[in-house]
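K.L.:
So the sequence lines, in the order shown, correspond to chains U and F. The first sequence: position 57 = 247 (the numbering used here), numbered continuously. The second sequence: position 87 = 1445 (the numbering used here), numbered continuously.
These aren't lab readings, by the way, just hints derived from the structure by calculation. The reader is advised that the hints may include incorrect statements.
[To be verified] Each computed DSBU-like pair below joins lysine-lysine, with the alpha-carbon atoms no more than 30 Å apart: (1) U:Lys311 / F:Lys1478; (2) F:Lys1429 / F:Lys1389; (3) F:Lys1486 / U:Lys256; (4) U:Lys256 / F:Lys1419; (5) F:Lys1486 / U:Lys278; (6) U:Lys330 / U:Lys256; (7) F:Lys1468 / U:Lys278; (8) U:Lys311 / F:Lys1462; (9) U:Lys311 / F:Lys1419; (10) U:Lys256 / F:Lys1462; (11) U:Lys278 / F:Lys1462; (12) U:Lys278 / F:Lys1384; (13) F:Lys1468 / F:Lys1486; (14) F:Lys1486 / F:Lys1389; (15) F:Lys1389 / U:Lys311; (16) F:Lys1486 / U:Lys311; (17) U:Lys256 / F:Lys1478; (18) F:Lys1389 / U:Lys278; (19) F:Lys1429 / U:Lys278; (20) F:Lys1368 / U:Lys311; (21) U:Lys307 / F:Lys1419; (22) F:Lys1368 / U:Lys307.
[Stated by the list, open to error] If you want the ones that stay clear, here's a sample from chain F, every Cβ over 12 Å from chain U, calculated: (23) Lys1389; (24) Asp1391; (25) Asp1404; (26) Thr1425.
Predicted model only: the values in this text are computed from it and were never measured. Glycine included, C-beta positions come from ideal geometry on N, C-alpha and C.
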Amino acid sequence: MLGPGIWRFGGRMDPLHEVQRLQREMNRIFSGLEQPLNPEVPPVNAWVGESDVVVTAELPGVDPGKVDVSVVGDTLTISGARVAETLKQGESYHRQERNHGRFTRSLQLPFHVEAGKVEAKYDRGILRITLPRAEADKPKKVLVTCE
Amino acid sequence: MMENKIEYEKKPAQTPVEMERTRNRKVFVPKVDIIETGDAMVMYADMPGADEKSVEVVLEKNVLTITGTVKPQEFPGRSIAYSEYDFGDYERAFTISDEVDREKIGAVVKNGVLKLTLHKAPQAEVKKIAVRTE
Chain U
191 MLGPGIWRFG GRMDPLHEVQ RLQREMNRIF SGLEQPLNPE VPPVNAWVGE
241 SDVVVTAELP GVDPGKVDVS VVGDTLTISG ARVAETLKQG ESYHRQERNH
291 GRFTRSLQLP FHVEAGKVEA KYDRGILRIT LPRAEADKPK KVLVTCE
Chain F
1359 MMENKIEYEK KPAQTPVEME RTRNRKVFVP KVDIIETGDA MVMYADMPGA
1409 DEKSVEVVLE KNVLTITGTV KPQEFPGRSI AYSEYDFGDY ERAFTISDEV
1459 DREKIGAVVK NGVLKLTLHK APQAEVKKIA VRTE
């Protein structure tokens, strides 16, 4: 599923996405049933600059070698898996609140990016992806001449 | 003549006293997994953004408090355009029983996950009492 585009409204957040999230949350609270919330995993933040965009994702406890980051055109996809602890004989869970399993997240970027120059770093459970804007997509300054 | 009303009475504190932080920053409750193994309790707490220097584990009486401080991320020259998660510190407290060996608590932080190993005290381990006839 394609994530919300960060360019569509030009504001801080996608309002439609926020409304849907709020509605989901409300439904969950008033349904009386503790149905599992379907969170978008991993949650991402995006910083947009003149010549690049930085996307960070909270991915604690994930093997950085098993996270796939791919870019096609202006779409960034983060996928991977968080492995649950394997219980040995005689071990049991008292609490299990952390999410496990496979995740895939796609995000539409505000511009096309240079796929070859994308950098991804993983530190302290946070994945940081720096995506430079494609040369062809950079704004061209047009000189106005007087005749 | 109206006198300024001075409150002589002391203001009662709420019970329990509400904790306030000196830093004006959000605080989140980290998600935890607690696994009981044969001789220990292993706790995993998700604290993305915290490292071994910023995580504190304090055991006072029988309250185990874990805190993690997160440095806010900033990227100069760029502005936040889309946000799904917020920054803040982590804090959570658990009451633990006397069964835990206080001297042998192991804490490791790796990839934003705190792993706490609470060993069971020797006397708390199951002791089978032999029953015999006279």
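K.L.:
Next, verify each hint and record whether it holds.
P.N.:
Hint-by-hint comparison with the structure:
1. U:Lys311 / F:Lys1478: 38 Å, violated
2. F:Lys1429 / F:Lys1389: Holds, at roughly 19 Å.
3. F:Lys1486 / U:Lys256: 46 Å, violated
4. U:Lys256 / F:Lys1419: 41 Å, violated
5. F:Lys1486 / U:Lys278: Holds: Lys1486 (chain F) and Lys278 (chain U) sit about 23 Å apart, inside 30 Å.
6. U:Lys330 / U:Lys256: 39 Å, violated
7. F:Lys1468 / U:Lys278: Since the Cα atoms of Lys1468 (chain F) and Lys278 (chain U) sit roughly 22 Å apart, the hinted pair holds (cutoff 30 Å).
8. U:Lys311 / F:Lys1462: 34 Å, violated
9. U:Lys311 / F:Lys1419: 40 Å, violated
10. U:Lys256 / F:Lys1462: 33 Å, violated
11. U:Lys278 / F:Lys1462: 22 Å, holds
12. U:Lys278 / F:Lys1384: Roughly 37 Å separates the two Cα atoms, so the pair is violated.
13. F:Lys1468 / F:Lys1486: 38 Å, violated
14. F:Lys1486 / F:Lys1389: This hinted pair is violated, its Cα atoms lying about 36 Å apart.
15. F:Lys1389 / U:Lys311: 24 Å, holds
16. F:Lys1486 / U:Lys311: 52 Å, violated
17. U:Lys256 / F:Lys1478: 34 Å, violated
18. F:Lys1389 / U:Lys278: 22 Å, holds
19. F:Lys1429 / U:Lys278: Between Lys1429 (chain F) and Lys278 (chain U) the Cα gap is close to 36 Å, so the pair fails against 30 Å, i.e. violated.
20. F:Lys1368 / U:Lys311: Violated, at roughly 55 Å.
21. U:Lys307 / F:Lys1419: 53 Å, violated
22. F:Lys1368 / U:Lys307: Distance ~65 Å between Lys1368 (chain F) and Lys307 (chain U) Cα, so the pair is violated.
23. Lys1389: 4 Å, violated
24. Asp1391: Violated: least Cβ distance 5 Å, not greater than 12 Å.
25. Asp1404: Check fails; 4 Å does not lie beyond 12 Å.
26. Thr1425: Per Cβ check, Thr1425 (chain F) is outside 12 Å of chain U; nearest 15 Å; holds.
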